[in-house]
Amino acid sequence: MNENVNVNSTYILSENVVARKIEGETILVPIGAGVGNLEEDLYTVNESGHAILSMLDGKRTLNDVVASLSSEYNVDKDEMKADVVGFTNELFWRKILVESS
Amino acid sequence: MSDENGSQYMVKVKSTEYNIWEKKKPLLSSLQVELTERCNNNCIHCYINLAADSPKKKLELSTAEIKNVLDEAASLGCMEVVYTGGEPLLREDFEELYIHARKLGMRVTIRTNGTLLTAHLAELFTRIPPLEPIVITVYGMTRSTYDAVTRTPGSFDAFRRGIDLLTEHHVPFKLISMLIPINLKDSDSFEAWLAQLPCEDKSPSYNDLLLDLRARRESDKNNVIRHIRFSPEQALAIQNRMGGDKSEMREFCAKFMGLAGNTLFNCGAGLGVKISLDAYGNLQPCLQLRHPDAIYDLKNGSIKDALTEFFPGLRGMKTENPAYLARCARCFLKGLCEQCPGKSWMEHGTLDTPVDYLCEFAHLQAQDLGLLEKGEKAWEVEDWKERVNNLSSNT
Chain A
0 MNENVNVNST YILSENVVAR KIEGETILVP IGAGVGNLEE DLYTVNESGH
50 AILSMLDGKR TLNDVVASLS SEYNVDKDEM KADVVGFTNE LFWRKILVES
100 S
Chain B
0 MSDENGSQYM VKVKSTEYNI WEKKKPLLSS LQVELTERCN NNCIHCYINL
50 AADSPKKKLE LSTAEIKNVL DEAASLGCME VVYTGGEPLL REDFEELYIH
100 ARKLGMRVTI RTNGTLLTAH LAELFTRIPP LEPIVITVYG MTRSTYDAVT
150 RTPGSFDAFR RGIDLLTEHH VPFKLISMLI PINLKDSDSF EAWLAQLPCE
200 DKSPSYNDLL LDLRARRESD KNNVIRHIRF SPEQALAIQN RMGGDKSEMR
250 EFCAKFMGLA GNTLFNCGAG LGVKISLDAY GNLQPCLQLR HPDAIYDLKN
300 GSIKDALTEF FPGLRGMKTE NPAYLARCAR CFLKGLCEQC PGKSWMEHGT
350 LDTPVDYLCE FAHLQAQDLG LLEKGEKAWE VEDWKERVNN LSSNT
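Residue numbers (numbering that gives the first Met the number 0), protein chains in the order written: chain A, 0 to 100; chain B, 0 to 394.
Below, computed lysine-lysine pairings styled on PhoX-like, alpha-carbon distance capped at 25 Å: (1) Lys-24(B) - Lys-20(A); (2) Lys-94(A) - Lys-13(B); (3) Lys-80(A) - Lys-11(B); (4) Lys-273(B) - Lys-102(B); (5) Lys-333(B) - Lys-254(B); (6) Lys-373(B) - Lys-245(B); (7) Lys-20(A) - Lys-23(B); (8) Lys-102(B) - Lys-20(A); (9) Lys-20(A) - Lys-303(B); (10) Lys-20(A) - Lys-11(B); (11) Lys-24(B) - Lys-254(B); (12) Lys-273(B) - Lys-173(B); (13) Lys-273(B) - Lys-24(B).
Because the hints were derived from the structure by calculation, they are not lab data.
Please model the complete structure; the sequences and the hints are all you need to start from.
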């Protein structure tokens, strides 16, 4: 996986994906082909992932997300940055997230 | 750290294996939507079809009404919608309704005869995959057999074109054969054809051998279906020819057999695991049951109210019908017998009349498994528990 997200950029859920919250579970459902590795896959996101994903609204940069979450959860900024960048990278290379203009 | 299957933040699951009902028990997990009762075929055996130009078209739910239903279904946790009919592709707004369901994050199963599939639809299913195989019913393997069942000249060729289109566009599909005496001779060639098709699921699948009568209880069409459907003896012979090893059936019986008592609903009907919406806005506990006392007018209510108030009340119903209490209530073949309010509705227009056709078949199966002697009535058997235990110990 390439490190290709930029901490000064903003990211948002692709229009080819729907994030559904059902009974406390976040499920990412692809709409269009080409999302993830195979069209027929879903992704279930845990609580940590959901906390990050919910802040990726196309307005906050990754640095903004890191600052906000590290303050809210009282976590060291470098540690939070590793989590946020790592998860965003994962969603980005699976085409679940796109960089917003 | 992440790999092909996810990471510490998320897990990849195969869409067709993700069962939200088992995992999370939302209020609603799957919704069957009968987009229309109309069909472009005129199948001799069908339980629901109206002519494609039926005047009942004007009574069907509008595009906006169906979208509202889907919106509420999604809000209740629904992950799957099944578009069925009649022939769902007859709806001019099918594409719009399909995309709406997918954009709500639902998987869509399309149950179709395949004859109305076009290159445009195949491209749509490639661009926006349904996440479930398209289910196509096969009525015969030759032009003469197929068209004899559908009573629609040209339907076989249109069906094969539909399959070719899906194959060319790599759209997953599943074939289900339905058997009646007219097309029984085609079953071997169906299995041979299925084996060489590029579909993922190559295991032969068949509709119920015991054909349902009409959901709207039209007597003239019911007379035809009664005449063409297999007798219980014929159905058992076919089942045995196709079913192979009986140990699975014995295990199933051992697990689910018992007395039904005066409780009418011993199935999942009316539970959020799957309910049905007819073409005119009535929610049904299942696709078959359309008794006026068992359906919910969604135009004047909500899915949530149906699931939390109406259907639970329905499922709590007890019968006082002496015929049912004398037979079905005391019969241990529950699980083996298909008797249910839906079947009672289709055969008799009631919720609780024993259906002789199903009873005979269940008894024949029970004899075949060694649970009953010939001539014995299961509701008169007192040592049924011992017989069922012996059955499971012989598996």
